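One letter stands for each residue in the lines below.
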Amino acid sequence: MTRTVERAGLITAQLLAVAALLMAWQALIASGTLNSFSFGSSLATWDRLRQWLSDGTLLANASTTVFEAATGWTIGIVIGTVVGMAVGLSSLLSRLTAPFFAFWTGFPRLAFFPFFTLLFGFTVGARIVSVVFVIVFLVITQTAVGVREVDRLLVANTRFLGGGRLDLVREVYLPASVAWIISSARFTVAFALHAAILAEFIGATRGIGYLTVLGQGQLNVSMVWAAVICVVVLAVLVDLTLVRIQSYLTRWMPR
Amino acid sequence: MQAQATLRAALRRPRRLKSGRPSRALWPLAQASLFLLLVVVWQLVAISNPILTIELSTPVKVAEQLRDWLSLDGWGHVWTTISTALAGLVVGTALACLAIAVLTSSRLLRAFMAPFIVVLNAIPRIALAPLFILWFGIDERAGVAFVVVITFFVVFVNLFTGIEQIEPLLLMNARTLGASRLWLLREVYIPSVLVWLLASLRNTVALSLLGAVVAELIAGSSGLGYLMGQGSSSGDSAEVIGAALIVAAVTLLATGLIDAAERRLLAWKGTAR
Chain G
1 MTRTVERAGL
11 ITAQLLAVAA
21 LLMAWQALIA
31 SGTLNSFSFG
41 SSLATWDRLR
51 QWLSDGTLLA
61 NASTTVFEAA
71 TGWTIGIVIG
81 TVVGMAVGLS
91 SLLSRLTAPF
101 FAFWTGFPRL
111 AFFPFFTLLF
121 GFTVGARIVS
131 VVFVIVFLVI
141 TQTAVGVREV
151 DRLLVANTRF
161 LGGGRLDLVR
171 EVYLPASVAW
181 IISSARFTVA
191 FALHAAILAE
201 FIGATRGIGY
211 LTVLGQGQLN
221 VSMVWAAVIC
231 VVVLAVLVDL
241 TLVRIQSYLT
251 RWMPR
Chain B
1 MQAQATLRAA
11 LRRPRRLKSG
21 RPSRALWPLA
31 QASLFLLLVV
41 VWQLVAISNP
51 ILTIELSTPV
61 KVAEQLRDWL
71 SLDGWGHVWT
81 TISTALAGLV
91 VGTALACLAI
101 AVLTSSRLLR
111 AFMAPFIVVL
121 NAIPRIALAP
131 LFILWFGIDE
141 RAGVAFVVVI
151 TFFVVFVNLF
161 TGIEQIEPLL
171 LMNARTLGAS
181 RLWLLREVYI
191 PSVLVWLLAS
201 LRNTVALSLL
211 GAVVAELIAG
221 SSGLGYLMGQ
231 GSSSGDSAEV
241 IGAALIVAAV
251 TLLATGLIDA
261 AERRLLAWKG
271 TAR
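In order, the protein sequences belong to chains G and B.
Residues 1 to 255 (the working numbering) are what the first sequence spells out, left to right.
Residues 1 to 273 (the working numbering) are what the second sequence spells out, left to right.
Chain B with its partners taken away, still in its complex shape:
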């Protein structure tokens, strides 16, 4: 017992680096240098071989492409993708909440729907993209519908598991104390749902952006995915890489915003739960 406690304490003590404590600023510096190193290696490898220059493209060319886009008509495409993703996200989440609200009313209904939900969840949503393109045409609406379906399932499954995980003791106690369904809804279910929504929002946002890009890639007439497809058919790697980088940047920005919002809104949560 004593030995184990000492051991744990020894393991917990911070290890000192051999060269003494490096300053905190060293890490971002090291990471930035690593990044620059990789970019330089990419440039050198790409220009060493004319075939590779075309296939891999060079950082310089990608930068030029990005500059061209962002100074002219690129913003239109960026906005198309973002708006498709956002619209799909909002509608999909709303539908999922609605479906959950319907399902929570009856345990029998939940049991009835359970296998269907499992099957529907197992569908690789990607495979449905051509279906939507057939229905809505090569149009933003196909993208929006696709994102709606993707977000619906993700949010629905998340909320479903979240609802099931509400402390049943809490519910029983509340009911014993005479809580009405409306009260339960307001004080227990909805806050739980909101917490779960926020928790899964990071993934959902990234997923909806990805869905919008995929739909545009397969058959779109505008948007970042469309630009990727264009680059692919014209053999221009710079376009493909550039468009992908913009999507990555937007995703990181969105997740960063959500993280900040989460810290603000869930500050009350603390470590109690």
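The following block holds chain G by itself, in its conformation from the complex:
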């Protein structure tokens, strides 16, 4: 009984805190204590958000960003899983390529987007390639590790029953890789989103990153706040969806 009361009390307190913060922000702006130029006003931010929602800007730009991130993520996962499995299955390859992958992990992949603009111009393709570049090495290393950690008995049994390399891949490693992809999805998708938004900061004409930079260029802090809120909502929504999908897909697993 007290637990529910405590929970209800907490949620009320949290909502009140948020409301108080917003009101304090607005009051400080109105009274001139806080410079509205530097901090933006919550009313202006709210107006901007409503405008974006009603005239479809939000939907159009958000879907661009999501499209770039999703496409890049899918391609990156496919390439990464294939390469990662090849590397993981062959001890020769994994020892040979270990320092290369260590190098690429320390490489500033997120910041390397300018290189892809030199190759592909300021296009959606360049952004997607950038997303792929950012996540592919994560997926490769993680898949390689996953391959090594697959239950040896499973592998041995498959071999016992006459399975060759191909059967092993099809019956043991591929299903296992699906499990790794799912478990790491929250992480890799977050990275993909980061990469897409960052790529939109430079030379884009659509996307939520573009909206942020637009506000920055116009010295309009309220617009930047509005864009940031959109990014936050998008990220949280994507994360929640992934958690749901993850628990649905692994519902057969013992907890």
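Since the hints were derived computationally from the structure, they do not count as laboratory data.
All values derive from a computational prediction rather than experimental measurement.
One should not assume that every hint holds.
Stated by the list, open to error - Calculated Cβ distances over 10 Å to all of chain G for the following chain B residues: (1) V91; (2) A122; (3) A174.
Claimed, not checked - Not the full set, but computed from the structure, chain B residues with beta-carbon under 7 Å of chain G: (4) L29; (5) Q31; (6) C97; (7) L98; (8) A99; (9) A101; (10) L103; (11) L134; (12) V213; (13) V240; (14) A244; (15) T251.
We treat Cβ as the ideally placed atom computed from N, Cα and C, and that holds for glycine.
Guided by the hints, dock chain B onto chain G, whose structure is given.
Coordinates of chain B only, in the frame set by chain G:
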């Protein structure tokens, strides 16, 4: 049972390569040859097509660019990025420790802040970069502030999970034996925090360098990220690749140092935990 044990033993036996045991020195040699092979392929592909030469740049041009930088004014840029990353790292970590110290004092406070922390953690920090540039201008301070925010969240979340993972039985036992809060702080919390800090330092350092480079890339007037941006706008791939390589080298150096320090400092840990 017996069959499974034999099977496991068989799997554990080291596999012999068909051509006999290669020496240990062969691996670095093979890796170096692979690297050289890739560089040569890059050079050949790049010079085969004049467009590709410009877009991909050649290893030779990148080497020349690096030589130019490192013999003249490149060091200034390197130092800017490193100092921005370092300053942000230190301040961000300190703030995170402070926030954790405040939060550990009250379970109610922790429960109150929990959803806010989840939301704040879900913010793609990258998206905040333009905000900082608006506030601080095209200046190192924007970069430092950006890195502070990035490191704060990463370290804070790491420490938060670390604190929660302190063996509650340990705490209960200590309290039963009459341990005061101060004692707990000194003997349990702080060592735990230090261990977690060190463990996450590798990632945090790499992240702070990346954050500094990103901030400089978007709007900076100096630093390695700025050089990348310059290369991008002047269409010079050699600059972009060269600057990225320097960042990679610095990151690897920093992580290497941290690994060495970790081995030294955590030698006492052994395999007990």
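Here is how each hint holds up against the structure:
no.: 1; hint: V91; verdict: holds, 21 Å
no.: 2; hint: A122; verdict: violated, 5 Å
no.: 3; hint: A174; verdict: holds, 26 Å
no.: 4; hint: L29; verdict: violated, 11 Å
no.: 5; hint: Q31; verdict: holds, 6 Å
no.: 6; hint: C97; verdict: violated, 23 Å
no.: 7; hint: L98; verdict: violated, 20 Å
no.: 8; hint: A99; verdict: violated, 16 Å
no.: 9; hint: A101; verdict: violated, 21 Å
no.: 10; hint: L103; verdict: violated, 15 Å
no.: 11; hint: L134; verdict: holds, 5 Å
no.: 12; hint: V213; verdict: holds, 5 Å
no.: 13; hint: V240; verdict: holds, 5 Å
no.: 14; hint: A244; verdict: holds, 5 Å
no.: 15; hint: T251; verdict: holds, 4 Å
Checked against the numbered hints given earlier, this structure breaks hints 2, 4, 6, 7, 8, 9 and 10; the rest are met.
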